[in-house]
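A.B. asks: Using the sequences and the accompanying hints, generate a full structural model.
In our numbering, the protein residues as written are 1 to 315.
One thing to keep in mind: the hints can contain errors.
[To be verified] Label-pair distances were calculated between CB atoms; the ranges are:
1. L115 <-> V289: 42 to 52 Å
2. L173 <-> A91: 13 to 23 Å
3. V181 <-> L247: 23 to 33 Å
4. S158 <-> L287: 21 to 31 Å
5. P186 <-> I121: 25 to 35 Å
6. L29 <-> S179: 30 to 40 Å
7. G139 <-> P186: 38 to 48 Å
8. H183 <-> E87: 34 to 44 Å
9. I15 <-> K116: 32 to 42 Å
10. V26 <-> S158: 25 to 35 Å
Calculated directly from the structure, the hints in this document are not laboratory data.
Beta carbons: idealized from backbone N, C-alpha and C, even for Gly.
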Amino acid sequence: MNLSGTASSRLLGQIPLLTLVALCVVTTLLTDRFLSPINLTNILVQSSIMAVIAMGMTFVIIGGGFDLSVGSTAALSACTAAMVMLEAGIAAGVIAGILAGAFVGLVNGVIIAYLKVNPFITTLGTMVLFRGVVFLMTGGAPVEGDEGLPSSFVAFGSVRFLGVHALVWVPMLLLVVLSWVMHATPYGRQIYATGGGREAAYLSGVPVARVTASTYVVCGALAGVAGVMLAARLQSGQPTAGEFYELTAIAAVVLGGAALHGGEGTLYKSVIGVFIMIILGNSLNLLNVDSYWQRVAIGAVIIAAAAADSLRSRR
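C.D. replies: What follows is the structure, given as structure tokens:
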């Protein structure tokens, strides 16, 4: 038994967590505001919405694809939820928002899995298409009604439960449920098999097209959940919301160790990747780094994540 090789593999597997810890330690040493309760709460709330999107993106990437439309999907879901909520109540609005996201995912899944169109082209097209739909629906104006969204829904964006912000509970619960789905059900094993090798999975009896399409539906539905959360936090449906979410989510998933070619990845490490991205931006803000340089830094992280994925593939 190669104990040194096993130890090395385990250490490499924990690189996302070690990176997060190092980032937190360095930021703590550079500014005492990082560990303030207000700042930590802000990080958790920002991460909660992106974590939900990243979990959906993890399904797609493990299955061998990726989705550039999640930002537009979140905006569509937020505005749909707000519009329906104002007319038919909170429950109807929440359901409508999630279904809107699932519909976008279904469109992506059908085009990619059954029409065999490249995922990049498909989701780039739907990203632009559904962003346009949001602007047509709203006229480019926030959806908030004459007296605002229902107070109980808005409260969800700020209330705490057991001392933890309500929005943070959503990804926590989803992480438990979806991790079980990915690692303890036949469906989860089919996703890994499909991403690991479509032809081999097909020959093994896996319904590859259906599994592929379903990952996009899951991704769209989770982007819908994130959109509803975003509407609660912003107290309105914002047609411009969710810009660049897709890039942040993909970078977070890759930083978490998922392989862009598919077949590898775990949900909790994708969440760690989200924290790396959010805390990086937060740290730069606390250190008063110019916003333009922040874009440069985040772009560099995305490139580094892609390079790390390439190196892992070579190994």
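A.B. asks: Next, verify each hint and record whether it holds.
C.D. replies: Each hint, compared with the structure:
no.: 1; hint: L115 <-> V289: 42 to 52 Å; verdict: 44 Å, holds
no.: 2; hint: L173 <-> A91: 13 to 23 Å; verdict: 18 Å, holds
no.: 3; hint: V181 <-> L247: 23 to 33 Å; verdict: 26 Å, holds
no.: 4; hint: S158 <-> L287: 21 to 31 Å; verdict: 27 Å, holds
no.: 5; hint: P186 <-> I121: 25 to 35 Å; verdict: 31 Å, holds
no.: 6; hint: L29 <-> S179: 30 to 40 Å; verdict: 33 Å, holds
no.: 7; hint: G139 <-> P186: 38 to 48 Å; verdict: 46 Å, holds
no.: 8; hint: H183 <-> E87: 34 to 44 Å; verdict: 41 Å, holds
no.: 9; hint: I15 <-> K116: 32 to 42 Å; verdict: 35 Å, holds
no.: 10; hint: V26 <-> S158: 25 to 35 Å; verdict: 31 Å, holds
Consistency with the previously given hints is maintained throughout, with no hint failing.
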